[in-house]
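Dock chain H against chain B, hints included.
Just so you know, the sequences run in chain order B and H.
Taking numbering that gives the first Met the number 0, I'd label the letters of the first sequence as residues 0 to 92.
Taking numbering that gives the first Met the number 0, I'd label the letters of the second sequence as residues 0 to 329.
Rather than coming from a laboratory, the hints here were simulated on the basis of the structure.
Some clues are possibly wrong.
To be verified - Cut-off 30 Å, straight-line C-alpha distance, at most; resulting in silico cross-link-like pairs (DSSO-like, lysine-lysine):
hint : chain 1 : residue 1 : chain 2 : residue 2
1    : H       : Lys164    : H       : Lys40
2    : H       : Lys50     : H       : Lys228
3    : H       : Lys50     : H       : Lys40
4    : H       : Lys50     : B       : Lys21
5    : H       : Lys164    : B       : Lys19
6    : H       : Lys228    : H       : Lys215
7    : B       : Lys19     : H       : Lys40
8    : B       : Lys21     : H       : Lys40
9    : H       : Lys164    : H       : Lys228
10   : H       : Lys164    : H       : Lys215
11   : H       : Lys50     : H       : Lys164
12   : B       : Lys21     : H       : Lys164
13   : B       : Lys19     : H       : Lys228
14   : H       : Lys40     : H       : Lys215
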Amino acid sequence: MFFAFSIIMYFMGLISFCMKRKHFLLMLLSLEFIVLSLYLNIFIYLSYFHFEYYFSMIFLTMSVCEGALGLSLLVSMIRTHGNDYFQSFNMLW
Amino acid sequence: MFFSSLLTGSLISISASSWMGMWMGLEINLLSIIPLMNSNKNLFSSEASLKYFVTQTLASTILLFSIVIMSNNIFMVNQIKSNLLLIFSSALLTKIGAAPFHFWFPEIVEGLSWFNCMILFTWQKVAPMIIMMYNIEFSEFSLFTVISSMLISGVMGLNQTSIRKILTYSSINHIGWMISTMIAMETIWLYYFLIYTVISLNIIMIFSILNIFYLKQLFISMNNNFIMKFFFVFNFLSLGGLPPFMGFFPKWMTVQNLVESNFLLLSLMMVILTLTTLFFYLRVMFSTLVMNMMEINYLIDSKFNQFWTLVSNFVSIFGFLICTLLFNFF
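Isolated chain B (complex conformation) (with noise of 0.2 Å):
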C-alpha cells in the first residue's frame, strides 16, 4: 500500500517537474518532491530488513547536495539574467 502511495508520488512530482511554465524556483520545488518520493520508497525498501535505516540518511545527504546545487543556479541565474523567468532563456537556440 505504502509502495503504491510513492510511486503515484512520484509520478505526481514527474508531471508538476514537466508543466512548470513560469517560474524556475518551481521546478526545483518539484524536484525536492521527486526526491522525496523517493525517499519514502527508500524507508519501504529498508524498513525489509529489519529497520536498518543507515542509508537512508546517506541517501537523504547526496539528495539535499543536489537541491542545494540546485538553488545555487537558481541564484547564479538570477544574477545573470535578472529574474527565473523560463521565457528569459533564449541564448542558445
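Same frame as chain B, but now just chain H:
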C-alpha cells in the same frame, strides 16, 4: 579541483558494487561538472549549466526510481523486470544524449567553452555507458535507439553553421555506433571510445587554439600553416571513418562483429546513415581547404605550440597504419 572530483565520480560509478554506489558516482560527477561549466559573468554558460543540471537530475531521478523498484523484488515477474530495465536504460541514454532523448544536447553545447565541450563529449559518456554495458538486455528498444541516433544526427546536422553543433550531431552519431557495439561484443566499445576520444581531442584542440566557433571563421584560419591545415582535414576524415585513418578501425570492427552476429540489416542501415554525417564533415573541410579570399581586412595568424599538437595529430591520424605495420614484429 573540480576536475579531479569529476574523474573520481565517474570512477566510483564504474567500480561500484551496488546500484546505490553507482548512483552516487553519477551525482558526484554532476556536482563537480556544474561549477566547471558555470560562470557568473557569461550569459551563455550560466544558461547552459542550468539546462544541463535540469536534464541530468531528471535522468538521475528516473534512474533511482527504477533502481528502487527493482530492489523491492517481491514483485519481480520477468515482464516487469524488462520494463524496468527499459526505464533504467532510458535514463542512462538521456544522460549521454542518445537519440530519442537528445534534445538538450545541441543547445547546451552551444553555450560552452571548448574545454567544457571536450569534457561533455568524452568523459561524461564513460560512466553511463559502462553502466549500460553491465545491465543491457538486447531488445528492440536498443535497436530503435541506434537507428534513430543515426537518422537524427544525419538529418539535423545538415543545416548547421555553428561548429559546436556540428560536433554535437557527430557525437550523437558516434553514440549510436557505440551502443551498437554493446550488442555484439563489448571490448569493441572500449576501442571505439578511445579512438573517438583521441580524434575529438585533436579536433577540439585545434579549434580552441584558433578560437573558432563558426564555419565562416574557418576559411581564413590556417592559411600560413599548411601542416596544421592538412592535419585538421585528416582529423575530420578520420572522424568520418575513412580507411587510411584511425577512425576506420572501430567502425570496421563493429561492422564485422555485427555481421558475424547476424545483424545484417542493422549494420547496413548504420553504414548508409553515417554517410550524411560524412557530408557535413566534407563541408567543413571544404571551408578550410578550398576557399581563399585575398581581400580580407582581418588576417589572423595564430601560433601553434608546434611540437605537441604535431605529435598528437600524427598519432591520431597515422596510428592505424603503424598498428598494422607493428603486427609484423610481434
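Against the structure, the hints:
With a C-alpha separation of about 23 Å, the suggested pair Lys164/H and Lys40/H falls inside the 30 Å cut-off, and the hint holds. The suggested pairing of Lys50/H with Lys228/H is violated, with an alpha-carbon distance near 35 Å, which exceeds 30 Å. For the suggested pair Lys50/H and Lys40/H, the alpha carbons sit about 17 Å apart, so the restraint of at most 30 Å is met. For the proposed pair Lys50/H and Lys21/B, the alpha carbon gap of about 15 Å is at most 30 Å, so the pair holds.
Distance restraint check for Lys164/H and Lys19/B: the Cα-Cα separation of roughly 28 Å lies within the 30 Å cut-off, and the hinted pair is therefore satisfied. In summary, the hint linking Lys228/H to Lys215/H is supported, as the alpha carbons are separated by about 16 Å, within the 30 Å threshold. Distance hint between Lys19/B and Lys40/H is fulfilled; the C-alpha atoms sit about 27 Å from each other, no more than 30 Å. Only pairs whose Cα atoms come within 30 Å are accepted, and Lys21/B paired with Lys40/H is accepted, the gap being roughly 24 Å.
The suggested pairing of Lys164/H with Lys228/H holds, with an alpha-carbon distance near 21 Å, which does not exceed 30 Å. Taking the CA atoms of Lys164/H and Lys215/H, the gap is about 14 Å. The hint holds against a cut of 30 Å. Distance check on the hinted pair: Lys50/H and Lys164/H sit about 16 Å apart at the alpha-carbon level, within 30 Å; holds. Of the supplied pair hints, the one linking Lys21/B and Lys164/H holds, its CA atoms being roughly 28 Å apart against a limit of 30 Å.
With a C-alpha separation of about 48 Å, the suggested pairing of Lys19/B with Lys228/H is violated against the 30 Å cut-off. For the hint pairing Lys40/H with Lys215/H, the CA-to-CA distance comes to about 26 Å; that is within 30 Å, so the pair holds.
The structure shown violates the earlier hints numbered 2, 13.
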